[in-house]
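Taking the hints into account, I'd like the entire structure generated from these sequences.
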Amino acid sequence: MRHDEPTSQMIEQIQKVVQSALREELAHFRLEQTKILREAVVEVLPEIEQRMYEKISGKSQVQVEVEKGNGSSPASSPELQGESTHQEKSRQLVSFVQKSTDKTDKKAPLKKKGEKGKRTKHL
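First residue of the sequence shown: 1, per my numbering; consecutive thereafter.
Worth double-checking, as some hints may not be accurate.
[What the hints assert, rightly or not] Capping the alpha-carbon separation at 30 Å, the derived lysine-lysine pairs in DSS-like fashion look like this: (1) Lys89 with Lys55; (2) Lys89 with Lys59; (3) Lys16 with Lys35; (4) Lys55 with Lys99; (5) Lys55 with Lys68; (6) Lys99 with Lys35; (7) Lys89 with Lys35; (8) Lys89 with Lys99.
[Said to hold, decoys possible] Here are the in silico distance ranges between beta carbons for each label pair: (9) Glu54 with Glu24: 42 to 48 Å; (10) Pro46 with Gln9: 53 to 59 Å; (11) Lys68 with Pro46: 29 to 35 Å; (12) Gln15 with Gln50: 51 to 57 Å.
Source of the hints: derived by calculation from the structure; they are not laboratory data.
All residues carry an ideal CB built from backbone N, CA and C; glycine is no exception.
This is the structure in structure tokens:
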């Protein structure tokens with residue numbers, strides 16, 4: 001047996017332990033990011049929807065007044081179609097984030113604030 005063989009085995013073992021710890025920390029970091037994003041979206045979404053509703057309602061009222069003059073339909077307005085498409089995209093985004101968060105939450109438990117990860121000694 002060569003003298004440097006145990007050293008290389010120790011190096012490989014240390015690398016594996018470090019990589020494993022980094023993977024675990026990355027998974028927890030991603031969980032925390034997802035949770036924060038989800039909370040932010042849930043918190044801000046009602047306000048965004050209200051603003052969009054007010055904006056659409058205001059455009060609809062203006063459009064009704066314009067219709068009286070030229071007979072066009074509010075449903076054919078590109079602005080209104082764009083607003084409803086944007087609102088639908090927002091809802092889809094929220095739904096996607098919630099679904100992905102639900103899946104991620106089930107995979108690994110999130111560390112509580114101040115909780116330390118498991119540390120193992122390998123030397």
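Does the structure keep Lys89 and Lys99 at a Cα separation of 30 Å or less? holds, 15 Å
Measure nothing beyond the straight line between the CA atoms of Lys99 and Lys35; if it is 30 Å or shorter, mark the hint as holding. This hinted pair holds, its Cα atoms lying about 12 Å apart.
Should the hint that Glu54 and Glu24 are 42 to 48 Å apart at their CB atoms be regarded as holding? holds, 46 Å
Mind checking the alpha carbons of Lys55 and Lys99 for me, to see if they're no more than 30 Å apart? Holds, because 29 Å separates the two Cα atoms, which is no more than 30 Å.
Indicate whether the distance between the beta carbons of Lys68 and Pro46 respects the range 29 to 35 Å. The hinted range 29 to 35 Å holds for Lys68 and Pro46, with Cβ atoms some 33 Å apart.
Decide if the proposed pair is consistent with the structure: Lys55 and Lys68, CA atoms, cutoff 30 Å inclusive. It holds: about 20 Å lies between the C-alpha atoms, which stays within 30 Å.
Given the hint of 53 to 59 Å, check if Pro46 and Gln9 actually sit that far apart at their C-beta atoms. holds, 58 Å
Given the proposed pairing of Lys89 with Lys55, does the C-alpha separation stay at or below 30 Å? holds, 17 Å
Can the restraint linking Lys89 and Lys59 be considered satisfied, given a maximum Cα separation of 30 Å? holds, 20 Å
Check whether the Cα positions of Lys16 and Lys35 lie no farther apart than 30 Å. Measuring from Cα to Cα gives roughly 29 Å; hence the hint holds.
Just to be careful, I want the Cα atoms of Lys89 and Lys35 compared with a cutoff of 30 Å; is the pair within it? It holds: about 20 Å lies between the C-alpha atoms, which stays within 30 Å.
State, for the Cβ atoms of Gln15 and Gln50, whether the hinted interval 51 to 57 Å holds or is violated. At 53 Å between Cβs, range holds.
Comparing the model with each numbered hint stated earlier shows that all of them hold.
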